[in-house]
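A.B. asks: Sequence:
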Amino acid sequence: MIATITRRFTRKPIYSSFIDAKDDDDMSIGDESTIMTQEEIKNTWIQEDEATAIRKKCLRIVSKVEQSGTARVNGNSKKQYCIRGLEKYLGRKHTIRRASVQYIVEEYKQYNEQGYVNENEIAKLYKNISMENQIQAQQFATMDRKEVERYIARC
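Heads up, the sequence shown is in the UniProt record's numbering, so the first residue is 1 and it goes up one at a time.
Source of the hints: derived by calculation from the structure; they are not laboratory data. Mixed in with the good hints, there may be bad ones.
Claimed, not checked - Capping the alpha-carbon separation at 27 Å, the derived lysine-lysine pairs in DSSO-like fashion look like this: (1) K146 x K88; (2) K79 x K146; (3) K109 x K124; (4) K78 x K88; (5) K56 x K42; (6) K79 x K64; (7) K78 x K56; (8) K64 x K78; (9) K79 x K56; (10) K146 x K57; (11) K146 x K78; (12) K127 x K109; (13) K88 x K57; (14) K57 x K42; (15) K57 x K78; (16) K56 x K88; (17) K88 x K127; (18) K79 x K57; (19) K64 x K88.
These figures come from a predicted structure and were not determined experimentally.
Please model the entire structure based on the sequences and the hints provided.
C.D. replies: Below, the structure is given as structure tokens:
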């Protein structure tokens with residue numbers, strides 16, 4: 001088996017070696033083609049303290065956004081916190097999904113109260129709501145892609 005360790009945040013390989021896999025938990029990297037020290041290999045990955053610092057910073061941003069109710073920095077309409085990727089911590093995704101399901105349940109109750117039961121209509125309604133959410137997700141993905149392209153063009 002060949003392992004390739006890549007630079008942080010890039011896909012360009014900087015190290016390749018054979019791995020001796022004895023068990024799933026017991027793997028060693030062969031020395032035949034080592035071109036990096038163990039310290040250099042370690043530094044290619046995000047360390048636990050770095051991950052903790054990133055996590056804390058993200059949680060601080062989430063806390064500030066939830067307290068203020070907006071992503072604006074100190075009420076400044078020009079400066080905003082970037083909350084892309086933090087939606088699951090903000091609860092919006094869960095809230096949207098829960099609201100969608102609640103809407104479907106309410107519609108189903110109304111249909112039942114009127115003596116009208118048509119699972120196909122309920123399925124269509126749910127499909128429409130799901131499609132709306134999917135379209136919104138695709139729009140966010142397009143915005144993210146454009147932002148990344150602008151960032152890369154600046155570098």
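A.B. asks: For the pair we were handed, K78 and K56, check the Cα-Cα distance against 27 Å.
C.D. replies: holds (24 Å)
A.B. asks: Regarding the pair K79 and K64, is the alpha-carbon distance no greater than 27 Å?
C.D. replies: Measuring from Cα to Cα gives roughly 14 Å; hence the hint holds.
A.B. asks: Run the distance test for K64 versus K78: straight-line Cα separation, threshold 27 Å.
C.D. replies: holds (16 Å)
A.B. asks: For the pair supplied as a hint, K56 and K88, is the alpha-carbon distance within the 27 Å limit?
C.D. replies: With a Cα-Cα distance of about 15 Å, the restraint between K56 and K88 holds, given a limit of 27 Å.
A.B. asks: Take the C-alpha atoms of K79 and K146, compute the straight-line distance between them, and say whether it is at most 27 Å.
C.D. replies: Answer holds: K79 to K146 is near 19 Å, not above 27 Å.
A.B. asks: Given the proposed pairing of K146 with K78, does the C-alpha separation stay at or below 27 Å?
C.D. replies: The hint holds at about 20 Å.
A.B. asks: Is the hinted pair K109 and K124 satisfied, with a Cα-Cα distance of at most 27 Å?
C.D. replies: The hint holds at about 16 Å.
A.B. asks: Can the restraint linking K64 and K88 be considered satisfied, given a maximum Cα separation of 27 Å?
C.D. replies: Measuring from Cα to Cα gives roughly 15 Å; hence the hint holds.
A.B. asks: Does K56 sit within 27 Å of K79, going by the straight-line distance between their CA atoms?
C.D. replies: holds (21 Å)
A.B. asks: Would you check the hint for K146 and K57, treating anything up to 27 Å between C-alpha atoms as holding?
C.D. replies: At roughly 25 Å apart (the allowed maximum being 27 Å), K57 and K146 satisfy the hint.
A.B. asks: Is K79 within 27 Å of K57, Cα to Cα?
C.D. replies: holds (17 Å)
A.B. asks: Is the hinted pair K57 and K42 satisfied, with a Cα-Cα distance of at most 27 Å?
C.D. replies: holds (23 Å)
Hint compliance for this structure: every hint is met.
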